[in-house]
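Student: Fit chain to chain and form the complex, with the hints in mind.
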Amino acid sequence: MTALWIAVAVASAGCAALKFSGYLVPSAVLQRPDLQHVLEALPVALLSALIAVSTFGSGHQLRLDSRAAGLVAAILLVVLRAPFVVVVAVACAVAAAAHALAGA
Amino acid sequence: MALDSDRRRIALRALAIGVSVAPFGLSFGAVAISGGFSVLQICVLSLVLFSGASQFALVSIAGGGGGLASAVSTALLLGLRNGLYGARVNALLRPRRWRRLLTAQVTIDESTAMAVSENDAELSRWAFWVTAASVYVFWNIATLAGALVGRGLGSPATIGLDAAGPAAFAALLRPRLTHPRQLAVALTAAALAIATSSFLPIGLPVIVGGLVALAVLLVRR
Numbered sequence: 003m004t005a006l007w008i009a010v011a012v013a014s015a016g017c018a019a020l021k022f023s024g025y026l027v028p029s030a031v032l033q034r035p036d037l038q039h040v041l042e043a044l045p046v047a048l049l050s051a052l053i054a055v056s057t058f059g060s061g062h063q064l065r066l067d068s069r070a071a072g073l074v075a076a077i078l079l080v081v082l083r084a085p086f087v088v089v090v091a092v093a094c095a096v097a098a099a100a101h102a103l104a105g106a
Numbered sequence: 003m004a005l006d007s008d009r010r011r012i013a014l015r016a017l018a019i020g021v022s023v024a025p026f027g028l029s030f031g032a033v034a035i036s037g038g039f040s041v042l043q044i045c046v047l048s049l050v051l052f053s054g055a056s057q058f059a060l061v062s063i064a065g066g067g068g069g070l071a072s073a074v075s076t077a078l079l080l081g082l083r084n085g086l087y088g089a090r091v092n093a094l095l096r097p098r099r100w101r102r103l104l105t106a107q108v109t110i111d112e113s114t115a116m117a118v119s120e121n122d123a124e125l126s127r128w129a130f131w132v133t134a135a136s137v138y139v140f141w142n143i144a145t146l147a148g149a150l151v152g153r154g155l156g157s158p159a160t161i162g163l164d165a166a167g168p169a170a171f172a173a174l175l176r177p178r179l180t181h182p183r184q185l186a187v188a189l190t191a192a193a194l195a196i197a198t199s200s201f202l203p204i205g206l207p208v209i210v211g212g213l214v215a216l217a218v219l220l221v222r223r
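First to last, the sequence lines map onto chains A and B.
Using this note's numbering, the first residue of the first sequence is number 3, and each one after it goes up by one.
Using this note's numbering, the first residue of the second sequence is number 3, and each one after it goes up by one.
The shape of chain B in the complex, shown without the other chains (with noise of 0.2 Å):
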């Protein structure tokens, strides 16, 4: 059957997606230790949080000094996007009752892109879910791992782990470049936050330069 193969297509899709997050999960466990945080609470991070960029950006502000509220900030604005995605998956899956949660849980941008690029409904779902399932499953095994490994690592800067957190950064940021005005958002944010770095509390310039984002309102008028 044509669906069967169409399932068998996404489910296979799913798995190399799964793969792919293996090893942001790694170096995001091993930043993590690094940062100062207990493997525990990596591992609760990475069940009930469950979005990378958010939980980055919490660990590689906290673990650079700044104050946890800014940290928990950004994480939260990074989140925000998630929302957005919601609204979308809603549209398409239609979750009832306990289900709604438990969609609303593994929605992110891995399981939201697989569910929005199929044109039926029913393999909509199924894109949606088994994303969401093995996605879920690598970035915890992969994340816990990471934190583990990290114990053992010498000093960051020696085995050039400090380099993950923009390295990783930059490899979320670029796929969002989809237009001149997202880099030119990208660079003025940027150029912010180093600016106002020197004076305001650790942790700070990055919500500042997210602030930019407010900007693009400015622009289309």
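Isolated chain A (complex conformation) (with noise of 0.2 Å):
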């Protein structure tokens, strides 16, 4: 089984128990306040540091290339409350044009 196999099985599985849990564990611990702040605020940290880092991070080091371009489209669009397709169709398009500037 190869590494990425068994991040692949550990997550499916992971995510699936996750779900679960939520049917097992008494709702009056889930609906602790501190908790439900906590875990509403969990995946705005993580997309926004997805974004950072996969828009501006190259391996070690910070790169600003065709991807902030990119991004700049995308979040104009979802401000605008484009639809996804429309946001990442374009975010591609303009990627694509300024990484063939680029490089011209």
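Keep in mind that the hints were calculated from the coordinates and are not lab data.
We put the CB at the ideal spot given by N, CA and C, even for glycine.
There may be inaccurate statements among the hints.
To be verified - Going by beta-carbon spacing under 10 Å, a handful of chain B positions derived as facing chain A:
{"#": "1", "residue": "Val50"}
{"#": "2", "residue": "Ala55"}
{"#": "3", "residue": "Leu125"}
{"#": "4", "residue": "Ile209"}
As the list claims (entries may be wrong) - Simulated restraints on C-beta separations:
{"#": "5", "chain 1": "A", "residue 1": "Leu82", "chain 2": "B", "residue 2": "Leu202", "range": "16 to 24 Å"}
{"#": "6", "chain 1": "B", "residue 1": "Gly156", "chain 2": "A", "residue 2": "Arg65", "range": "38 to 46 Å"}
{"#": "7", "chain 1": "A", "residue 1": "Pro35", "chain 2": "B", "residue 2": "Arg153", "range": "45 to 53 Å"}
{"#": "8", "chain 1": "A", "residue 1": "Pro35", "chain 2": "B", "residue 2": "Val151", "range": "41 to 49 Å"}
{"#": "9", "chain 1": "B", "residue 1": "Asn142", "chain 2": "A", "residue 2": "Val27", "range": "23 to 31 Å"}
{"#": "10", "chain 1": "A", "residue 1": "Ser60", "chain 2": "B", "residue 2": "Glu124", "range": "51 to 59 Å"}
To be verified - If you want the footprint, here are the derived chain A segments under chain B, 3+ residues with CB under 8 Å:
{"#": "11", "region": "14-26"}
{"#": "12", "region": "53-66"}
Tutor: Here it is in structure tokens:
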């Protein structure tokens, strides 16, 4: 079994278990305001960190390249509440154009 | 009957939600292929893990050269919120025995939101299941299609696919920024992830950024 398969298996089983945990843990525990606030803020923090790293990260280095142009387009469209398909398609097109321009 | 027209209204919305996740599935499949995952691995993720944000995070970090432990941990941390949804759906639907497992497996953002938005218990149940079925079918077909198409695509940077991850994460983030506090969390997390990326193992800065979520406890006091 390759490392990638182990990652797929552990993430899949783990996420399935987390979904099921909501049905087992007494709801009084999950309804604690502190816990709810942290659980609501967690995806916000993780997604934002993911945006930063997947846009500017390149191994251990930071790099300003065509991905940043794509992200700027995506943020504009997201703020304008464009549908998902438009956000991703335009972001990719802008990044591809920026890449072509930078390479030319 | 009023109930029938309600059911139809809900089913149409569920169909629309299913269609709307398809482009997300397509881009996930293509990004996962470019990140080195096989078509079969991608299908297993969509069939079993079945949670868009966690799946995208996993392939984005692993594909970016990150440690698999960081990639898996981030996917699990993003999956934690589904536990919270589970508690809400459990209170509404009260599934029993084997139905519990099945219900839990399809407890995601979309099915939960549709279930809690209905006031009638019967309609809640209907909304949960038609949304779950619609999203499950569209998500899995789109993922497979994205993976197959992705195999024939050129280098990610040339076609702009390297911007698909950031764009998808931005689209997922936007509806969660409901409060200035959330925006502060988002900006701090991004800054912390960037600041630590030069010296921490690849992938770990995302988790460090995620820990900013704990700061909401301090702010509330």
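Student: Are the hints correct? Go through all of them and say.
Tutor: We went through each hint and held it up to the structure:
no. : hint                             : in the structure
1   : Val50                            : 4 Å, holds
2   : Ala55                            : 7 Å, holds
3   : Leu125                           : 21 Å, violated
4   : Ile209                           : 8 Å, holds
5   : A:Leu82 <-> B:Leu202: 16 to 24 Å : 35 Å, violated
6   : B:Gly156 <-> A:Arg65: 38 to 46 Å : 20 Å, violated
7   : A:Pro35 <-> B:Arg153: 45 to 53 Å : 47 Å, holds
8   : A:Pro35 <-> B:Val151: 41 to 49 Å : 45 Å, holds
9   : B:Asn142 <-> A:Val27: 23 to 31 Å : 28 Å, holds
10  : A:Ser60 <-> B:Glu124: 51 to 59 Å : 53 Å, holds
11  : 14-26                            : holds (count 11)
12  : 53-66                            : holds (count 11)
Hints 3, 5 and 6, counting from the list given before, are not met by this structure.
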